[in-house]
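**Q** As they're listed, the protein sequences go chains A and B. Residue numbers for the first sequence follow the working numbering, so the first one is 1 and each next one is one higher. Residue numbers for the second sequence follow the working numbering, so the first one is 1 and each next one is one higher.
These are calculated hints, taken from the structure and not from any lab test. Note that this is a predicted model, so its numbers are computed, not measured. Heads up, a few of these hints could be off.
As the list claims (entries may be wrong) - Simulated restraints, written as ranges between beta carbons of each label pair: (1) B/G237 - A/W139: 47 to 55 Å; (2) A/A62 - B/G101: 39 to 47 Å; (3) B/H99 - A/W139: 36 to 44 Å; (4) B/N127 - A/A229: 43 to 51 Å; (5) B/H144 - A/T9: 51 to 59 Å; (6) B/G237 - A/P64: 50 to 58 Å; (7) B/H99 - A/A62: 43 to 51 Å; (8) A/Q243 - B/G85: 48 to 56 Å; (9) B/A203 - A/A50: 26 to 34 Å; (10) B/S324 - A/R46: 35 to 43 Å; (11) A/I337 - B/N127: 25 to 33 Å.
Stated by the list, open to error - Capping the alpha-carbon separation at 27 Å, the derived lysine-lysine pairs in DSS-like fashion look like this: (12) B/K155 - B/K134; (13) B/K2 - A/K134; (14) B/K155 - A/K92; (15) A/K134 - A/K155; (16) B/K92 - B/K129; (17) A/K92 - B/K7; (18) A/K7 - B/K92; (19) A/K92 - A/K129; (20) A/K2 - B/K7.
C-beta atoms are modelled at their ideal positions from N, C-alpha and C, and glycine is treated no differently.
2 protein chains.
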Amino acid sequence: MKNHFEKDTRNALQAREHAQWIAYGPSVFQAARALCETGILAEVERSAGAGLTLEEVAGRVALPLYGVRVLMEAGLGIGLLLERGHRYTSTKTAWFLLHDGMTRAHMDFMHDISYRGMYALETSVRNGKPEGLKTFGDWPTIYHALAHLPERVRKSWFTYDHFYSDEAFPAALPLVFARSPRRLLDIGGNTGQWARACLRHDAAVEITLFDLPGQLATARTQFQAVAGAERVHFSEGNLLDAQQELPGGFDAIWMSQFLDCFSEPQIVSILERCQRALAADGRVYILESFWDRQRHALGAFCVQQLSLYFTALANGNSQMYRSSTFLACVSAAGFEIEQQHDGLGAHGASTLLVCRRRT
Amino acid sequence: MKNHFEKDTRNALQAREHAQWIAYGPSVFQAARALCETGILAEVERSAGAGLTLEEVAGRVALPLYGVRVLMEAGLGIGLLLERGHRYTSTKTAWFLLHDGMTRAHMDFMHDISYRGMYALETSVRNGKPEGLKTFGDWPTIYHALAHLPERVRKSWFTYDHFYSDEAFPAALPLVFARSPRRLLDIGGNTGQWARACLRHDAAVEITLFDLPGQLATARTQFQAVAGAERVHFSEGNLLDAQQELPGGFDAIWMSQFLDCFSEPQIVSILERCQRALAADGRVYILESFWDRQRHALGAFCVQQLSLYFTALANGNSQMYRSSTFLACVSAAGFEIEQQHDGLGAHGASTLLVCRRRT
């Protein structure tokens, strides 16, 4: 995979411009978001061709002219709007903000989950604690908080999660079922999305969802009218507790976007417990997004940015890993990589690791 | 002056990338800032050539490896760092963040003044009130709050202010003194920077600083060991009160980066009072940054972003104006533009308007 970060691609003038974009990143974001949320951007897009004046837009969205003007003028420099003869039209970038599911998921996650807490990033780095999580109350990690957060915030979290794991499920299913596992353990099964995909994919597989009590309570409700639900079992526990063992005898253990929620020593400890939970010839299947396994620099950028959420909000000690950092943990737990499949999912962001006991 | 915003300069791929930069703007900013504040970026820059490993940097800044790694890996995608063989070096963009006064002023202002309040930008637009100002307490405008804010926050505010007005003073002085004014009224004189420049520039001019009591209290202390301080006079008042008249008989009235703190009706009302305060052949001199009078698109972008601060934090009803919006107010108050000087100051961001009574 190409190293996207070997060369400085900007000349001095471009670097100076880029520095200002960094410096104004927060207000750029909030202006762009407000242009979406107020309906301004959608109105302008609808007027394609002739365009609209500030006054016309203010009338259509029923907002004060002043605020509409400040946002729309900022939208010019941000690259969302164009203007000629006091008539505004929208750009291609605006199209992505309005219609691209991934861009919207990123923006909602940033605003609803990360924005306020990100103010405490530097302190979080210094203290090794998610100091930004205080914006949601007094929780040790965001996983404890999740079930108790407002519906809108929960929705933003789960939609984002979807783009970084669930979209790779169709590609991962045949790879996992190539060995026809009879008993599969789904660790950190979340809402049960993967488990339901397995039920549909294989008529015999028995699945055990292992997760925190709060998460499982949500997951259980999602299996009510699902065919094959009798093949799903639930096992509660918290793997942060090093004494917490897993149930045993599984042909396959599946962890999707799960181990990035843990520090390196914790990952090693969890994988050691997976060793004990595997049947004789079982395999551990790990789906992760590694920033150095992205085809494009933009993919790496997005994954690296997600790491900052773990630092400032989620738990203060995990991240979206570089593959070498992560593979060192896999090895330390006594596994070796049998297969590595990069570029899974519609955005090619995910890697599936197939791990077997090192002999 | 060129219209920088007539054409969509991005193709679809670039637009998709730009959309992600917008979506992650807040975490890009906080990561960049933390890389500066922790000393990481400076350490890497110092190592130019060979570069440093994550472990070496963590040792030098005495911070946990985990946090250093998350920040530095994010720094790759942000374009501040490069990596080859696990050794990190810094980019040209990093140089601007570390050494360019304007970039640093923008970043400090964003973090200390705007970041938290900018979360309420959409609400501020809807309500026409600076809803983000609540992050500093219960104040009607930021000007009321300023004298009471923590020293660090005040410093960030005044440093930023400097880059948008004071740096144009040397260019503006000969233009204002071309008519040899004997009595000059400095409205919104702030810390008295302009007044001191006038005292040095002209041995006879008498200057009256007009401002809010809090601001004048600060300004007075700045004249203590200044030559010619006996030619400076102070006049207190709040021009938001439409009944508040100005003292009279001035040859020149000076307002630098002042009228952008007011709404259009307020600007008209203040300029009408300037009419009454001017001597027979007096002039009003207005120094402002208009986003449509910037030579480069980057300049326009910065000025437009500053507008959002007025909306969400300063007062909820003013902005950095487009020149046509502003000139309409000047005209409505009975003035005409005698001269317009664009591109003043080291960054060419300021315009000086020389206004005389319309006959």
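**Q** Holds or violated: B/K155 with A/K92, Cα cutoff 27 Å?
**A** Violated, at about 39 Å.
**Q** Could you check the hint for me, namely that B/G237 and A/P64 are 50 to 58 Å apart, CB to CB?
**A** Between B/G237 and A/P64, where Cβ atoms are some 28 Å apart, the hint is violated.
**Q** Measure nothing beyond the straight line between the CA atoms of A/K92 and B/K7; if it is 27 Å or shorter, mark the hint as holding.
**A** 11 Å, holds
**Q** Can you confirm whether the C-alpha distance between B/K2 and A/K134 stays at or below 27 Å?
**A** Roughly 47 Å separates the two Cα atoms, so the pair is violated.
**Q** At the C-beta level, are B/N127 and A/A229 separated by a distance inside 43 to 51 Å?
**A** Roughly 48 Å apart at Cβ, these two residues keep to the hinted range, so it holds.
**Q** Does A/K155 lie within 27 Å of A/K134 when you go C-alpha to C-alpha?
**A** 20 Å, holds
**Q** Check the hint pairing A/K7 with B/K92 against an upper bound of 27 Å on the C-alpha distance.
**A** At roughly 11 Å apart (the allowed maximum being 27 Å), B/K92 and A/K7 satisfy the hint.
**Q** Measuring from beta carbon to beta carbon, are B/H99 and A/W139 in 36 to 44 Å?
**A** This hint holds: roughly 40 Å between Cβ atoms.
**Q** Does the Cβ-Cβ separation between B/H144 and A/T9 fall within 51 to 59 Å?
**A** 46 Å, violated
**Q** Given the hint of 39 to 47 Å, is the C-beta distance from A/A62 to B/G101 inside that range or not?
**A** With a Cβ separation near 43 Å, A/A62 and B/G101 satisfy 39 to 47 Å, so the hint holds.
**Q** Given the hinted pair B/K92 and B/K129, is their alpha-carbon gap at most 27 Å?
**A** Violated. B/K92 to B/K129 sits at ~39 Å, over the 27 Å cutoff.
**Q** Given the range 43 to 51 Å, decide if the beta-carbon distance of B/H99 to A/A62 lies inside it.
**A** 47 Å, holds
In the structure shown, a violation is registered for the earlier hints numbered 5, 6, 8, 9, 10, 11, 13, 14, 16, 19, 20, in ascending order.
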